[in-house]
Amino acid sequence: MTANPHAHEHVLLQMLRIREFENRVQSLFSDGLVKGSTHLANGQEAVAVGMAFALHPGDPVLCTYRGHHHTIARGLPLESAFAEILGRATGCCGGKGGSMHLTDKSLALMGSYAIIGSHIPIAVGAAWASTLTHDGAVTCCIFGDGTTTIGSFHEALNLAAVWRLPIVFICENNLYSEYTAIGDVVPIEHPAADRAGAYGLDRIVIDGNDVEAVKEAVSLARERASAGRGPSLIEALTYRHGGHSRADPGDYRPREEVELWLSRDPISKYADRHEVSTQRLEQLGAEARDEVDRALRKALAAPAPAAEALLSNVWSEESS
Amino acid sequence: MTIINYRKAIAEAIARSMREDPKVVFLGEDVALAGGAFKTTVGLREEFGPTRVFDTPISEQAIIGAAIGAAMRGLRPIAEIMFADFLGTCWDGIANHAAKIRYMTDGAYSVPIVIRAHGGAGLGFGAQHSQLYDGLAMSIPGLKVVVPSTPSDLIGLFQSAVRDPDPVLFIEHKALFDVKEEMPPEGHVVPLGKAQVVREGSDLTLVATGAMVPVALAAAELVQDRRIDCEVIDLRTLTPLDMHSVLRSVEKTSRLILVEEGPGICGWSSEVAARVADEGFWMLDAPIRRVCSPPTPTPFSESLESLWLPKAESVAAEIESYW
Ligand SMILES: Cc1ncc(C[n+]2csc(CCOP(=O)(O)OP(=O)(O)O)c2C)c(N)n1
Ligand SMILES: [Mg+2]
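One line per chain: the protein sequences are S and C, in this order. Each residue of the first sequence is one higher than the one before, counting from 1 in our numbering. Each residue of the second sequence is one higher than the one before, counting from 1001 in our numbering.
Simulated from the structure, these hints should not be mistaken for lab results. Built from N, CA and C at the ideal position, the CB exists for glycine as well. Do not rely on the hints blindly, as some may be mistaken.
Said to hold, decoys possible - Incomplete in silico selection of chain C near chain S, CB under 8 Å:
(1) Leu1075
(2) Asp1092
(3) Tyr1103
Stated by the list, open to error - Over the 10 Å line for every Cβ pair with chain S, so calculated as not near, a few chain C residues:
(4) Leu1033
(5) Glu1047
(6) Thr1051
(7) Glu1060
(8) Phe1177
(9) Val1189
(10) Arg1199
(11) Asp1242
(12) Leu1307
Claimed, not checked - Quick list of the computed label-pair ranges, beta carbon to beta carbon:
(13) C:Gly1126 / S:Val185: 30 to 36 Å
(14) C:Cys1266 / S:Asp135: 40 to 46 Å
(15) C:Ala1274 / S:Arg255: 34 to 40 Å
(16) S:Glu256 / C:Cys1266: 49 to 55 Å
(17) C:Lys1194 / S:Val185: 49 to 55 Å
Isolated chain S, as found in the complex (with noise of 0.2 Å):
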């Protein structure tokens, strides 16, 4: 994204950790090693690293039970991301997390969450904190197109809103919400940019396939909150090229849209308008992998927690 060519590379490569990573993950699912459930990103990597580029060190993050991309984009190591997927003593929430919680205090992402929209206010908490603290941070909050029909998006809007905190809110609007089609449920053709106005935000809406695009909204949302101008909220139009969660084959889309959207796939745009040939973008590919596979390894070497791990941290140490 700056002068030097082998940035581009490293945008590719980011991009190209979560896709080998998501792809990774699908077959431990289906391979029976990870229980429970998981909302994979594949097609949306563009906006979580996009994000990622625009925000300082230190800046919290909160973002949802789809949130690979957003904390590995934020430097989640991959170890700890799948040893959590996998529930092993060395995951980022030492097995308790699970795949919808990843969370790592050092890099200040402050959780993923599976309530829908129960982690926007808290995100708004992590603001107001800034404004108490002038610790200078500029909090992101990240959710999809279905939360903005939740409550809290809207006490949360509000009150960010009414208190000029420093927080950017991206909507990432893939058009689905689980297996409905995001049109069947909101009277807007935009849902979160279409309400930005009665918060007296701007209305933005931004191709979310776009890394740039992404990178640029979010600086500039960034510079915004942090100048005391109060939050931004930027819709990103997006895709996930699998299903909801799962085994969700996704077969509710027409094939025509799913083909569509794989022609905008975020990782061929960018590597074409950079001019990254086939065969360099298949070598990327493949150090990716070979860096996804090696974390791969190493999580699933590690054991599973110890049984006393079942009653700690119920509660803080002093009153255990």
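Put chain C with the ligands on the given structure of chain S with help from the hints.
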């Protein structure tokens, strides 16, 4: 000697915690400029200013969420929910987030917040403004629950709640607002998880919380004429639950009656009864009894509400039925 009532003790408790720790901030609906819907927070905005005491929109989810997020970033927020009934709009933040974040992150994050709510029946507020929600709250691992019954306890327990690294639900009983007591000295702290024997006795143990403590004490007076000597225990906190004090009393008295405001189904009295049956069965001379409200919403009409609330006479009748 300064006398303080329970209503004013609330503002006093908050002020003491805010003077002690600059990281304590306070938010809620109408709490700052208006001094609270019940005038329980008068003077705080004046003393601590607009960077520590905040009026919010009517947004319980946002209030609880903001408190959680700020706590995860190092502050010590106190959030007011005007009526405990309104916890119904924000249990998600409390139960799914505040109470679980420490566990789900294996200790990386903690959520040191105090959620204060005005609860309880007896004032004719009807079914949607009279609940305590104490039993429900108590069933959530990771959440502490405090139910003060006197001004001095309120102030002392509140200091512990604010200092506690875990989320605390602090339920203040509306029917106790006019209860008066001597103002406790600066530095007065009551630890969480320590019940109080408020009346010593040898024949029977009565356990109560909140507005049922004076009811239990009155019942003890009523049966005194019949030479029945009751011990009365105020649990003060439901989580942590001081079973040690209850069992020690039952060891002495061999009889136990639990007095709970509300239907008591899966309430604190069910839990205490189960634990005593389990750990103290051989100390008992008679079955454990409970005096609770009937299993209905809180009725509005004064005549019905007074039937609904456990009363000293019904507790006394239950006591006498043992002999
Ligand atoms: C409060 C709540 N209701 C319902 C669900 C079940 N659920 C999980 S994901 C989801 C769809 C969310 O869609 P969207 O916000 O667009 O995010 P996406 O999955 O597309 O990233 C639903 C309904 C939930 N987790 N929480
Ligand atoms: Mg969606």
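Report the numbers of all earlier hints that the structure fails to satisfy, in ascending order.
-> The structure conflicts with hints 6, 7, 15, although it agrees with all the remaining ones.
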